[in-house]
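*Asks:* Spelled out from the first residue to the last, the chains are:
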Amino acid sequence: MMRNGAEMLIEALKREGVEVIFGFPGGVVIPVFDALYSEPAIKVVLTRHEQAAVHAADGYARSTGKTGVCLVTSGPGATNTATGLATANFDSVPIVCITGQVPLNMIGNDAFQEADTIGITRPITKHNYLVTERSELAATIKKAFIIAGSGRPGPVVIDLPKDIIVGKLDEEYPDEVKMRGYNPVLKGHIGQIKKAAELLAKAKRPLFYVGGGIQISGAAPAFRKVVKKTGVPVISSLMGIGAIESDHPLNLGMLGMHGTYAANMAVTECDLIFGVGTRFDDRATGKLESFAPHATIIHADIDPSAIARNVPVEIPIVGDAALVLEDLLPFAKPPSIDPWVKLVSGWKEEHPVVPEKSRGRLSPGVVVKKISEVFPEAIIATEVGQNQMWAALFYNYTQPRTLITSGGLGTMGYGFPAAIGVKIAHPDKTVIDIAGDGSIQMNIQEMATAVQEGLAVIIAVLNNGYLGMVRQWQELFYGKRYSGTCLKRRPECPEQCSNPGDQCLAYVPDFVKLAEAYDSVGIRVTKEEEIVPALKRAAEVKDRPVIIDFIIDEEANVWPMVPAGGANKDMLLGGVK
Amino acid sequence: MTHVISLLVENHQGVLVRIAGLFSGRAYNLESLTVGVTTDPAVSRVTLVCSGDDAVIEQIKKQLNKLVDVIKVIDLTGLKSINRELALVKVQAGPERRAEIIQVADVFRARVIDVGADSISLEVTGSTEKIDDLLSIIGTSAVQEMARSGLVSIERGRKTKKTAKGA
Numbered sequence: 001m002m003r004n005g006a007e008m009l010i011e012a013l014k015r016e017g018v019e020v021i022f023g024f025p026g027g028v029v030i031p032v033f034d035a036l037y038s039e040p041a042i043k044v045v046l047t048r049h050e051q052a053a054v055h056a057a058d059g060y061a062r063s064t065g066k067t068g069v070c071l072v073t074s075g076p077g078a079t080n081t082a083t084g085l086a087t088a089n090f091d092s093v094p095i096v097c098i099t100g101q102v103p104l105n106m107i108g109n110d111a112f113q114e115a116d117t118i119g120i121t122r123p124i125t126k127h128n129y130l131v132t133e134r135s136e137l138a139a140t141i142k143k144a145f146i147i148a149g150s151g152r153p154g155p156v157v158i159d160l161p162k163d164i165i166v167g168k169l170d171e172e173y174p175d176e177v178k179m180r181g182y183n184p185v186l187k188g189h190i191g192q193i194k195k196a197a198e199l200l201a202k203a204k205r206p207l208f209y210v211g212g213g214i215q216i217s218g219a220a221p222a223f224r225k226v227v228k229k230t231g232v233p234v235i236s237s238l239m240g241i242g243a244i245e246s247d248h249p250l251n252l253g254m255l256g257m258h259g260t261y262a263a264n265m266a267v268t269e270c271d272l273i274f275g276v277g278t279r280f281d282d283r284a285t286g287k288l289e290s291f292a293p294h295a296t297i298i299h300a301d302i303d304p305s306a307i308a309r310n311v312p313v314e315i316p317i318v319g320d321a322a323l324v325l326e327d328l329l330p331f332a333k334p335p336s337i338d339p340w341v342k343l344v345s346g347w348k349e350e351h352p353v354v355p356e357k358s359r360g361r362l363s364p365g366v367v368v369k370k371i372s373e374v375f376p377e378a379i380i381a382t383e384v385g386q387n388q389m390w391a392a393l394f395y396n397y398t399q400p401r402t403l404i405t406s407g408g409l410g411t412m413g414y415g416f417p418a419a420i421g422v423k424i425a426h427p428d429k430t431v432i433d434i435a436g437d438g439s440i441q442m443n444i445q446e447m448a449t450a451v452q453e454g455l456a457v458i459i460a461v462l463n464n465g466y467l468g469m470v471r472q473w474q475e476l477f478y479g480k481r482y483s484g485t486c487l488k489r490r491p492e493c494p495e496q497c498s499n500p501g502d503q504c505l506a507y508v509p510d511f512v513k514l515a516e517a518y519d520s521v522g523i524r525v526t527k528e529e530e531i532v533p534a535l536k537r538a539a540e541v542k543d544r545p546v547i548i549d550f551i552i553d554e555e556a557n558v559w560p561m562v563p564a565g566g567a568n569k570d571m572l573l574g575g576v577k
Numbered sequence: 001m002t003h004v005i006s007l008l009v010e011n012h013q014g015v016l017v018r019i020a021g022l023f024s025g026r027a028y029n030l031e032s033l034t035v036g037v038t039t040d041p042a043v044s045r046v047t048l049v050c051s052g053d054d055a056v057i058e059q060i061k062k063q064l065n066k067l068v069d070v071i072k073v074i075d076l077t078g079l080k081s082i083n084r085e086l087a088l089v090k091v092q093a094g095p096e097r098r099a100e101i102i103q104v105a106d107v108f109r110a111r112v113i114d115v116g117a118d119s120i121s122l123e124v125t126g127s128t129e130k131i132d133d134l135l136s137i138i139g140t141s142a143v144q145e146m147a148r149s150g151l152v153s154i155e156r157g158r159k160t161k162k163t164a165k166g167a
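Those sequence lines, one after another, are chains D and E. Per my numbering, the first sequence starts with residue 1, numbered consecutively. Per my numbering, the second sequence starts with residue 1, numbered consecutively.
If we strip away everything but chain E, and leave its shape as in the complex, we get (with noise of 0.2 Å):
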């Protein structure tokens, strides 16, 4: 099963690869990562996403725990949370399919960011499931180019409210 894990770090340099290691020299699944500093500039934000079945899980969460420059772990999976990811995407289309698209990216409330002469360029925010949905009526075939950001996710309501430092 696919978690999703925040983590508040010590916004020191290497904690990114004390992250990834761990993954990598365990042979955990890691699907994305993502990081960005907190309101509190000595700590950053870690937003991972992983599988595998609730054994793994909970050993990732414990290993991630030891580590001594990892200050806090939330598992996401079963809280009540929000979940965004943004994604780029450049998509094949000259003048004749251009509205199509157009249309298509206003269902997705995707921003059109650049339209060139044989290409329009889109922003989608949203769960993963919705930036895949779009991706797929597109169709891929008719995507150039894409970088998505990988997930990023907080809690919902009162807790987030309560830990004013680090929010």
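Isolated chain D, as found in the complex (with noise of 0.2 Å):
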């Protein structure tokens, strides 16, 4: 059928399933768009910054595993996405990410809205195009959704210059495309899955660690048998939140730089880790030469590349984990490790993830449980500092797919556009950003996206009037020197201040008149007991996004934690006990 690049491009987004677009309009896409228009099976929205288009594409993929898909111009709207690419990139989230490029003639002319695409976005891509030829367009963009959405998944970047766009063609879409160069390895070695059985059985204190990975292949179901039939504990990366049921008796929780008391002296302590679908990255291992002293390592991941690079590795699996755990399961079997199991649940009973106490204002770590008693089985999106720890910490999740949130690159302003796109996959159920002061700041603007679109997304501020994450680490390994971490200092303040309280000066922005400058809800709370009714109102809320600024201690802190470089069992237990 003869058909302009930009009609192959609809039509091709229809061959894959896409229903929504997350996008952003400009001079060389105009044509995309006016295809789009009329186009009635292809949601479109526009959000109000490319940043949050990605990552309303990314929600959107997280939260179903599906590809989010995205559209934005030349030039500067290219080079807006970088941040998104850059995050979907490091968490293996798939995007199709079409950006619109100069006529062929003229690239390289330094032409109006003109950027070296391709090169920008090479290395924080898991690939990306640039099609110079209309008939390679539609082969094109069927190995751009192939190579997004299989194997380790991510962001690949389709440049598509003005001429292609336009250039007119008879052709149709392909089933199927022909890449030599890209075969991912999904099934695992049987031997290899084998010999971790036989190793995992005759282990006396052995550890599942989970990640990232478990989710993206929808291997939740088959680890929970797994783990059921070997009773063996399990810790997670914060990646790995839901694979298990956060409350489950054989979780303990989150390792790491914040993780709990329980699973960083499991992981200490162990002779045996089990792997799966994660990094062993450095805000999980911390040192590396006290990680896991004891243990022998088998380690199941998707990407070789992640296999033996930053642990020692007795049995690499490659595969994919819902397959390795699925030819792992009639192979387990349940070692004898009774008093190992009733080591670490006394570690769980003896240090506990409490909130802090409140010095005056909010605890955090009780708002985010309120949520959680709130709403058990919201989809939780994060921003990035204090209140991701915080979100990962209190709430109870039981589900994969439900805690949405940047973990490699840490991108702050990420939670609110990914609410959206979470929301727009969900709209039946129930999304909160669990966000802070600064944080939310960074993609605010999202806010009209969210009103435009009618999405009831609760946005949960965290509100201590710092950057808080930095400021703990101001106040701990910096002598309280909050430089550059105040958000209400006002050119009256003195030129240093580490005593923040009653005598500071108005918060800005006021988060209620935003939200209702932008015919939003906006609630503020300040006292314990009135948490539970305004996220009763919140939940009222149907068409429209609703905030609630919650006023928490300005040093409240996250515990435990570990300081950068150290070792996980030389935690920093602070307010908890």
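Be aware that one or more of the hints could be misleading.
Pulled from the structure, derived: some chain D residues nowhere near chain E, Cβ distances all over 12 Å [said to hold, decoys possible]:
no., residue
1, I42
2, A111
3, R489
Pairs of lysine-lysine residues, derived as PhoX-like cross-links and limited to a Cα-Cα distance of at most 25 Å, are as follows [said to hold, decoys possible]:
no., chain 1, residue 1, chain 2, residue 2
4, D, K178, E, K72
5, E, K62, D, K178
6, D, K228, D, K342
7, D, K187, E, K130
8, D, K527, D, K357
9, D, K342, D, K202
10, D, K142, E, K72
11, E, K66, D, K66
12, D, K229, D, K342
13, D, K187, D, K43
14, D, K178, E, K61
15, E, K61, D, K187
16, E, K72, E, K61
17, E, K66, D, K187
18, D, K202, D, K333
19, E, K66, D, K178
20, D, K569, D, K342
21, D, K369, D, K527
22, D, K527, D, K488
23, E, K62, D, K187
24, D, K536, D, K357
25, E, K62, D, K195
26, E, K66, D, K142
27, E, K130, E, K80
28, E, K80, E, K61
29, E, K72, E, K62
These are computed hints drawn from the structure, not numbers from a lab. Even glycine gets a Cβ: it sits at the ideal position worked out from N, Cα and C.
Quick one: dock chain against chain with the hints and give me the complex.
*Replies:* Below is the structure:
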């Protein structure tokens, strides 16, 4: 059928089952938006910034497992996607990002709104394409969807010059394409899996260590069966949260810098780690020399380059987490580990994760626990920093794909646009962005998007008036020199200040008024007894976002904490007993 | 340790920069990189020389394998392989030193390709060590200009014969 490039693109998106595109128009992509105007099968969500378009596609993808799609123009449109793409690339999120480009004969001429999109995005995508022949367009889109969604998923950029977008050609969208350099290994080596099962059965102090790969591959059901059959305790990375219920008796919680006492002690004392779908990254392992000093490590991951990169691995298994765990299940035997289970359960009881006591304002841990009680089946998005750690530690997750957070890149401003993508995919679910007052301002303009789309996302701002995580480091390691972290600072303030309190001037912006300015709902909560009524009131709003401004202790901290570069067992327990 | 890695890659625009970018982005040490077509015009062969401890080399190979445009990664280090480099060397040599340089060139089976008023240009092919040896005998201070190709390398013997495509 004769089509121009834009029409081919729309046909391709429909064939790939795409229902929604997050985007922002501009000169060279007007023909694509034009083709979308009369296309009922694909909804276009107009964000207010291209970075947010990628984060929204990312949230959509993480919460569904489908490939998220975004569409932006050339030059600044494309460069604005960089943080979003890097975020998705780090956390293995399938995205196809279509960027416009100046016409082929203008490339390299410093044309208006020209940027070397392929050059800029090469190191922050799984792969990228500049389409230089109209006849390559359909096959390139097909390849992009295959690469984005298979193996270890990731973002793929397709850079489309204007003349490719408008060029007409008689062609059909292919059902398959050949890529001889791209063959991800999905099935784990059965010999290695049997060996792993034998080691596990003989271990005295074994642990499962799960990461984001469990969510991505849909391995949670298989993993839960393996845990049930073996009775082996579980620790997880931030990205692995939800692989197993937070309150499962064998779940010791998250390990690492802000991991639980039980998880960090267990990883230090264990004699076997069975890692699945995790990178053993530095925030989780702490100082590598003292990471799991007594343990033999089995590591299953779909990305061979993730195996044996940070820690020595006895049994490597390259494969998809779900397939590996399903193959493991028949061979897995329960080891005799009663004393070990008793020991780790003891650690859990001795040092549970409990909120800090209030110092006059709200305790953030209490706020998140109440959110968990009122909305036990919500999907939680987070920003980055203290809010993210409190969301990880105090919400009770029961399902995979319910904690949507920027793990690897640690992108402030991720949570709210991601929550928009989640809500579009799950209109009947409660979607909450647990935010800090700093992070939320990095993409606050998306209030307009949420209002325009009628999305009832709840934004729970844990407002301490600081860039809290950096302030915490300054308090603990830099002699309380709060440099560049106070968000209440005004010209009248003393040059140096480490004593926040009632003398501080009013916080800007006023989040309640801000919500009202966007024709949505703002609620301020300053007392513990107001938390639940505010959440219930927010739940009643069905057609627009709600900001709840929780005024928390200015110097509330995240505990436990392993100082950067320290050993996991050397935790600061702070206010947690 | 230095490794010679041979790659078969899609002959697309931008493949070389993906490979080079991998090395710069991850701070791997790349000593030389050459590229040329194979008998299949859609496939290029890249020979790269890189160094690092075993873990780094392992990572380099895994990361190269992850590139969509890389079809095959072969670490020739430890395999029986033929390694060659070409150097063009312009040596400072007036009439009084010509005979000496030509004699040295002879020993290294280098060819004299140009003689100027105060210089002789040599073409030498061989292993990197051989070229280094030649240069050290001539003396680097006498070298006016030099261009080295970087190493190209193939595996010896039977295997090459079997893989006719892209050989």
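*Asks:* Which constraints among the numbered hints does this structure fail? Numbers only, ascending.
*Replies:* 7 and 13
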